[in-house]
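Going down the list, the sequences are from chains Y and U. Per our numbering, the very first residue in the first sequence carries number 1; after that it's consecutive. Per our numbering, the very first residue in the second sequence carries number 1001; after that it's consecutive.
Any given hint could be a false lead.
If you anchor each label on the Cβ, the simulated ranges turn out as follows [claimed, not checked]:
hint, chain 1, residue 1, chain 2, residue 2, range
1, U, Gln-1314, Y, Ser-405, 49 to 59 Å
2, U, Ala-1331, Y, Asn-341, 54 to 64 Å
3, U, Lys-1251, Y, Gln-10, 53 to 63 Å
4, Y, Lys-57, U, Glu-1342, 45 to 55 Å
5, Y, Lys-382, U, Glu-1183, 50 to 60 Å
6, Y, Ser-386, U, Asn-1406, 23 to 33 Å
7, U, Gln-1314, Y, Tyr-414, 21 to 31 Å
8, Y, Ser-405, U, Ser-1024, 21 to 31 Å
9, U, Ala-1331, Y, Lys-57, 11 to 21 Å
10, Y, Asp-254, U, Thr-1381, 39 to 49 Å
Below, computed lysine-lysine pairings styled on DSS-like, alpha-carbon distance capped at 27 Å [stated by the list, open to error]:
hint, chain 1, residue 1, chain 2, residue 2
11, U, Lys-1315, Y, Lys-256
12, Y, Lys-209, Y, Lys-458
13, U, Lys-1134, U, Lys-1104
14, U, Lys-1022, Y, Lys-260
15, U, Lys-1181, U, Lys-1104
16, U, Lys-1458, U, Lys-1430
17, U, Lys-1106, Y, Lys-87
18, Y, Lys-57, U, Lys-1022
19, Y, Lys-57, U, Lys-1260
20, U, Lys-1134, U, Lys-1057
21, U, Lys-1098, Y, Lys-454
22, U, Lys-1181, U, Lys-1098
23, Y, Lys-57, U, Lys-1321
I should point out that these hints are in silico values taken from the structure, not numbers from a laboratory. Even glycine gets a Cβ: it sits at the ideal position worked out from N, Cα and C.
2 protein chains.
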Amino acid sequence: MSKEITSREQDYSQWYNDIVIKASLADYSAVRGCMVIKPHGFALWENMRDALDKMFKDTGHVNAYFPLFVPKSLFEAEEKNAEGFAKECAVVTHYRLKADPDNKGKLIVDPEAKLEEELVVRPTSEAIIWSTYKGWIQSYRDLPLLINQWANVVRWEMRTRLFLRTAEFLWQEGHTAHATKDEAVTEAKLILELYADFAENWMALPVIKGIKTASERFAGAEDTYCIEALMQDGKALQAGTSHFLGQNFAKAFDVKFSDKENKLEYVWATSWGVSTRLIGALVMAHSDDDGLILPPRIAPIQVVIVPIFKGEEQKNLIDIKVKDIVTQFKASGISVKYDDNENNRPGWKFAQYELQGIPVRLAIGARDLENNVIEVARRDTKEKKSVSLDGIASHIKTLLDDIQSNIFNRAKTYRDEHITKADSWDEFVKILDEKAGFVSAHWDGTDETEEKIKELTKATIRCIPINNELENGVCILSGKPSVQRVLFARAY
Amino acid sequence: MSKEITSREQDYSQWYNDIVIKASLADYSAVRGCMVIKPHGFALWENMRDALDKMFKDTGHVNAYFPLFVPKSLFEAEEKNAEGFAKECAVVTHYRLKADPDNKGKLIVDPEAKLEEELVVRPTSEAIIWSTYKGWIQSYRDLPLLINQWANVVRWEMRTRLFLRTAEFLWQEGHTAHATKDEAVTEAKLILELYADFAENWMALPVIKGIKTASERFAGAEDTYCIEALMQDGKALQAGTSHFLGQNFAKAFDVKFSDKENKLEYVWATSWGVSTRLIGALVMAHSDDDGLILPPRIAPIQVVIVPIFKGEEQKNLIDIKVKDIVTQFKASGISVKYDDNENNRPGWKFAQYELQGIPVRLAIGARDLENNVIEVARRDTKEKKSVSLDGIASHIKTLLDDIQSNIFNRAKTYRDEHITKADSWDEFVKILDEKAGFVSAHWDGTDETEEKIKELTKATIRCIPINNELENGVCILSGKPSVQRVLFARAY
């Protein structure tokens, strides 16, 4: 099984695709750029979604659902947002097919069913949501509105990669409305912290919290906060963004509220989202050449138990013991699968679960029963050892926690070792080419220099870290003065 | 508040819209035929979804996600299915907008970004899923596939109603693949039972399980099983369908498997779905002229507590007591909200929660504290009484169960009283016009008669009940012989 996976060294990009496909996370589809999320991948997404959803609700947010389509006239209303997404919009122009008169059994678009106004399939929902908020907000009493939606969105990407960049993807998008600028900024930062908490404590993915430069901002935002992660090939990946939108959408859709003094004011806004792209980040941050490695806290199955036996008698004895173990695990909140499918041999199963990233695999045979032990194999380090069945649930519980921290620490060590300071252009280019990772360097703060660096090296400014240290220096490209270092990297 | 709701007697249809809008379940949107599901409505949908999702998983199903778009050539492949949905398809023809050269700030569809092949926004996903299954199924070892997805779908309806009939709606669609016909039929029936269980035990909605006539079948199905509910105006509503698809999709997409004897066979299929339409059914089955009535098992909030006080001192004492009550409730699994918002008076809150259908409202004042009691008001019967605070959680727990059964029994009594036998055409028409509800009558089994009855009365055959009693008779319209009664009704 694992032999079919290309190694990272050989071809990192192919390694990634192999894992996604062979660990049954996703599959290509008949629709250009769209993927099928397979059951194993979707179960992972469900666990991520449920954890995030609880965090949103615990911080006062509620879910709602807004239309898939955005009429073109609304889409246009916030000009920068429209400009930012216009080039990648799927557009619905007709609402009916009819039989093709020249080709029996085939259908054609019915030219008589042309829409008066085209509908854009949402690439993001600010426009449709703010056109709705106009009807919901009159007074300060209606604020804040703290609404999230889980939805599919479409951005017509020319070069797609499973999970990382697909024409359709699943995400959550929060859209909040506030009476004051301060409150909106506080919300955008709260979500940044929430995303970082989720990435680090659930996905075991260390992230840098930062703020985007003007040119990397979300189209229509005043400020974009982000979490940036590092993949094993040294490329960065933007894992989530939270935008302070100022009053841009309120002005575009004329959303005003009367404050306590009865004065009309435009509403302040934020929006924020993470998507199925996170699954791509997860794969690339933790996995190895034998397959996926999943953090226990979001793994669809945490433990798999494989029986090893000859004959029915041994099998029956193992079944009885495993039933007892499963009960103990469930009582301890450990998700477990007993795979006694007789169509496959234990070795095949071991390889399969290794490939799929199941954090712990237990194997139990007749001799283990006699000795009251079980073989415990952890996926992250591949260590195997024989463990007493007495107190096995608490042993596994501790082990799962240990795997969770180990995966995080491993990724963090790699990440920390790959933040390198560069103080000259040559050094900057050399690090990018030879070591990769984040390069911490001075930049003169202009769009022109940022653009030029991107042209020359394909590296972009990933972010200006939150609470960045101030330090006088000179821009690595222009030599102009700079007050702080920013983080550059080549990125997904 | 409640005064703003049109009464059922005055205008049933307006009453329905008033409740949906004023109880904040949903709102109209800027997109023709599409609705916004508001937080209260969405929380209800989440509870319904979670209950169903657990039932699916408990019966061995897993979730996945397939693309929103269906290329036209795949959409055409199963001819009946294509024919059935072609007239109501949103079609994506372009993938880019560009600046309008004649109109600054406006966008137009870029004619150069025309798709080679149009994409249909999924009205249902058999085509895209079966084109995918072709790659997943080779051997009997790959079967059964028991996959469900939660998704949005689009059917371009000309006349829309919030929840009941919208251009975009949310649903789940199960798509299973089996090695034998028997197994597929068993699956379709299992889901029928599951849907009926969910409708009756969670939504408190009594349903009749049946099978559709050929003309009412899902386009592409061999058999459509359904659950049919009755609304308070005597009109029926199809609440869920489960289809045995035979080998139609396997043949259209050439999906074969090698059986144990290594012989190639086409795969057998089912598909099944329920949608946000169920929320419409819920509203119309249970609510009254004062607003929504929600079954406790799916209510977003089961109990609301309103403090009644003068001055801070009283408020503080109430707060302490309520905190204790809330802790007891949470420990008993009762979802509860303490509404001590000082912007609104208690009377306003009472009306508001009545309108929103919260099953139980508690009110507590200074004198109640002294007497160690609390006022308990149930939404379904509007009874109010003073109840001791000792053992309040278990009292409320029992009350919630009682409300759940009472709502179900009330709907069931109404439904049972509205199944009327008709043995002549005049009787049939008279019942439809004067009493409404289901009419149990003989039908000769032909499409022609069914169509004629529909033309004459707008009544359709809702279903042939499962385990229907055989009884010789004559068709109410044609006078031809018939072996069983079927259920007619006017329907949503």
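Evaluated hints:
| no. | hint | result |
| --- | --- | --- |
| 1 | U:Gln-1314 to Y:Ser-405: 49 to 59 Å | holds, 50 Å |
| 2 | U:Ala-1331 to Y:Asn-341: 54 to 64 Å | violated, 41 Å |
| 3 | U:Lys-1251 to Y:Gln-10: 53 to 63 Å | violated, 42 Å |
| 4 | Y:Lys-57 to U:Glu-1342: 45 to 55 Å | violated, 24 Å |
| 5 | Y:Lys-382 to U:Glu-1183: 50 to 60 Å | violated, 40 Å |
| 6 | Y:Ser-386 to U:Asn-1406: 23 to 33 Å | violated, 58 Å |
| 7 | U:Gln-1314 to Y:Tyr-414: 21 to 31 Å | violated, 60 Å |
| 8 | Y:Ser-405 to U:Ser-1024: 21 to 31 Å | violated, 44 Å |
| 9 | U:Ala-1331 to Y:Lys-57: 11 to 21 Å | holds, 20 Å |
| 10 | Y:Asp-254 to U:Thr-1381: 39 to 49 Å | holds, 45 Å |
| 11 | U:Lys-1315 to Y:Lys-256 | violated, 34 Å |
| 12 | Y:Lys-209 to Y:Lys-458 | holds, 22 Å |
| 13 | U:Lys-1134 to U:Lys-1104 | violated, 49 Å |
| 14 | U:Lys-1022 to Y:Lys-260 | holds, 25 Å |
| 15 | U:Lys-1181 to U:Lys-1104 | violated, 61 Å |
| 16 | U:Lys-1458 to U:Lys-1430 | holds, 13 Å |
| 17 | U:Lys-1106 to Y:Lys-87 | holds, 14 Å |
| 18 | Y:Lys-57 to U:Lys-1022 | holds, 24 Å |
| 19 | Y:Lys-57 to U:Lys-1260 | violated, 50 Å |
| 20 | U:Lys-1134 to U:Lys-1057 | holds, 24 Å |
| 21 | U:Lys-1098 to Y:Lys-454 | holds, 26 Å |
| 22 | U:Lys-1181 to U:Lys-1098 | violated, 52 Å |
| 23 | Y:Lys-57 to U:Lys-1321 | holds, 25 Å |
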